[in-house]
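Here is what each chain is made of, one letter per residue.
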Amino acid sequence: MDLVFNLLPEALPHWARVGLAGVVCAVILVTLMALGPIAYVYVETKIAGFMQDRIGPKRVGPHGLLQTIADAVKLMFKEAIYPAGADKKLFILAPCLVVVGAFLSFVVLPFGSRLQAADLNVGLFYVVAVSSISTVGLIMAGWASNNKYALFGAMRSAAQIVSYEIPAVMVLLTVVTLVGSLSLQDIVWAQHGGLSRWFLFRYFPLMPVAFVIFFTAGLAECNRAPFDIPEAESELVAGFHTEYSGFFFAMFFLAEYTEMFVISVVASVLFLGGWMAPHPLLQQVGPIGLGPLWLIAKAWSLVFVMMWLRWTLPRLRVDQLMYVAWKVLLPISMVLVVAVGGLALWPPTANGFPWDRWAGWILTPLLFAYLAYMIVAARRWSARRTREMAA
Amino acid sequence: MSWARDVWEGFSTVLVGMNITWRHLFVNKVTLHYPEEKWQLPPKSRMRLFMKYEDCIGCGQCARACPVDCIYIKTDKRAPTAPAIWAADGTPIKLDTKLFDIDMSLCCYCNLCTYPCPTNCIYMTPEYEFASTDLTNHLYHFAKPNAKFLTVNPKAPAKAAAPGAPAPAAPSPGTAPKPGEPEPSKA
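Chains as they are written, first to last, in our numbering: chain A, 1 to 391; chain B, 1 to 187.
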C-alpha cells in the first residue's frame, strides 16, 4: 500500500492519499482474487480427470480452457431462486459475508517485501480472526435457506471449524514463539537465507509435524475433502448451499477456492519461507525481484496438494472428524508448542538442531526425485499395458 | 500405544493413496474422443437394420418374427404380365413389396428378424449414429416400388438359370419353394 501511497501526488491531503491507495489496492486484489478461482476450477477439473484416467474438459476452447469461463457466465445469468419460507435478507447476506470473510485475509498477505496491502503487526491474529467470519456466513446460509439439509451442513461446518481452529492456532503459536512477532512480514524475514532456514525444516522432526497439522486443519477450515462433511453430497445434497443458485452459488464457490488459496499462502508464509527463494541466489534476476512468483508457486503447489488429497481420500465420518481434531491434532500440537517453546529458549541451538542445516537440502530433492521417478514408472507401466492390450 | 499406531497408520495410508493418484496422473488416459475417434465395433454388432430391397421376396417372415412389431410390410401379387425376377440367391420374387418400413425407434435390436429371412436380405449394419430430434426420422422406408430392376430386363441368376440346378444355398423350411411353383429356370 505504501508503494501506491508514494505514487500519489503530495498535493493531495493525507487522508485522500490513504483512501485512494486503499481503494487501488483493494481493486487490484479483488480483481486478481476473483479471477483466480476460474483458473483453480479449471485445474481442479483437469486434475480430477487425470487422476481418474480421464482427460477432463476438452471441448470449450483449446483443451477446455474456456470451460470455467463459460460456467461462470452461465452461473451469473441464472435466476437466483429464493426458497419458500426463506429469510430473504439473511439469504442474500450470507454469501456476501462468506466472500468478504475469505477476501479480508488478503489485506495482510505478503507477496513481496513491499507488495503487501498492509503490514499489520498482528497480521497472523488478523488472518485467524477474519477467516472465522465466513463461518457466520455459512450458519446464516444454513438458517436462512429454510431447509434441513442446509441447516445440518451449516451446523456441521460450524462444529468443524471451531474444532480445527484450535490445533491450527496452536501450531501457529510454535512459529510465533520462534519469530517473536505476529507480523507476516517479520515471519518471512525470519526465514531469510535459503531452504535450510525455512520453518518447515527447523528443529527437524518437530516443525514438519507442525506443518502437516496446520495443513490438515487448514483443509478442514476451508471445508475441503476429506473434511467436506458440511457439503457431503451423498448425505446432505449440497450442505449449506443446497438452496442457492445462480450468482449466490458462484459466490460460495469463489469463497471456497479463495479460502484454499489463503490457507495455502499462510502455510507457505509460515513454513515455506513466504516470498523467499529456496536459495538467496534465486531471489532475483538482475534488478527484478522474483518474490511474488516464489510465493505464488509455493501457494499453488499447496493448492495442488489440496486437490490431490481431494481426489485421493474418501470423506470422513462426523465422529472420525472430531476424533482427528480433538484426539490427534490437538494433543500433538500442544506437545509441539511446549517442545518448540522450550527449544527456542535454549541459546546455543537457537536456530535449531545441528542437523536441520542439511535436512531441507536433502529431503526436498529426495521428494522431487521420488515424484519424478514415479512419473517415469507410471509412463513405463502405461506403455507396457498398452502393448499388452494391443497384443 | 494403539493410539500412536492409529495415527501413524492414518498418516502413512494417506501417503500410499497419494502415491497411487500421483501415478495415475501420468498413465495413458482411457478417454476416447468420440466424434473424432470411434470404438472399433466387434463383428456381428447389432446396430441399425438394413433391408436390401432387390432381394426381398415379400414373404413377411421378418415382420412375424419381430417381437415389437416394428416392421411394416405391404405386398401385392405380382402382375402376370410383369417380367419374372429373382432374388440374388435364385428365389423367385412373386410378390411386389409396396411398402417395407422399419421403425428403428421401436426396434429392440434383437436380431430375430434376420434369422427367418429366406434370402438374407434383412440384416443389422454397424451403423449406430442415427440419433435424431424427430422420431419420424427413425422410420426407414426401404421399399422402392419404382425401381428399375422390377420391370426392365431382369436377369436370371446364374445358379438358378442352369438347368436342373438344385435349390439355392442353405435351404430351410422357410426358403424351400412351394411344390406347385415353377422353377425360375422354366420361366
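Errors might be hidden in some of the hints.
Selected chain B positions facing chain A (Cβ under 10 angstroms, derived; list incomplete) [unchecked claim]: (1) Val14; (2) Trp22; (3) Met47.
Here are the simulated DSS-like cross-link-like pairs (lysine-lysine), alpha carbons at most 27 angstroms apart as the crow flies [said to hold, decoys possible]: (4) Lys98(B) to Lys74(B); (5) Lys52(B) to Lys29(B); (6) Lys77(B) to Lys144(B); (7) Lys74(B) to Lys58(A); (8) Lys148(A) to Lys58(A); (9) Lys144(B) to Lys58(A).
Some chain A residues near chain B, calculated using beta-carbon distances under 8 angstroms [claimed, not checked]: (10) Lys89; (11) Leu371; (12) Ala378.
If you are wondering where the hints come from, they were derived from the structure by calculation, not from laboratory data.
We put the CB at the ideal spot given by N, CA and C, even for glycine.
Evaluated hints:
Annotation: interface hint on Val14(B) holds; nearest CB of chain A at approximately 6 angstroms, less than 10 angstroms. With its C-beta approaching chain A no nearer than about 6 angstroms, Trp22(B) sits inside the 10 angstroms limit, and its interface hint holds. Taken as an interface hint, Met47(B) does not check out: its beta carbon lies about 24 angstroms from the nearest beta carbon of chain A, beyond 10 angstroms. Using a Cα cut-off of 27 angstroms, the hinted pair Lys98(B) and Lys74(B) holds, with the two alpha carbons roughly 6 angstroms apart.
For a cut-off of 27 angstroms, the pair hint linking Lys52(B) to Lys29(B) is broken: about 41 angstroms separates their Cα positions. A threshold of 27 angstroms between alpha carbons decides the hint, and for Lys77(B) with Lys144(B) the separation of about 16 angstroms falls inside it, so the pair holds. Distance restraint check for Lys74(B) and Lys58(A): the Cα-Cα separation of roughly 49 angstroms exceeds the 27 angstroms cut-off, and the hinted pair is therefore not satisfied. Annotation: proposed proximity of Lys148(A) to Lys58(A) is violated, straight-line Cα distance about 37 angstroms (limit 27 angstroms).
The straight-line distance between the Cα atoms of Lys144(B) and Lys58(A) is roughly 44 angstroms, outside the 27 angstroms bound, and the hint therefore fails. Contact between Lys89(A) and chain B, as hinted, is not supported at the beta carbon level, the nearest pair being about 42 angstroms apart and thus beyond 8 angstroms. A hinted interface residue such as Leu371(A) counts as satisfied when its beta carbon comes closer than 8 angstroms to some beta carbon of chain B; here the least separation is about 7 angstroms, so the hint holds. Given hint, Ala378(A) at the interface with chain B, holds; its Cβ is 4 angstroms from that chain's nearest Cβ, closer than 8 angstroms.
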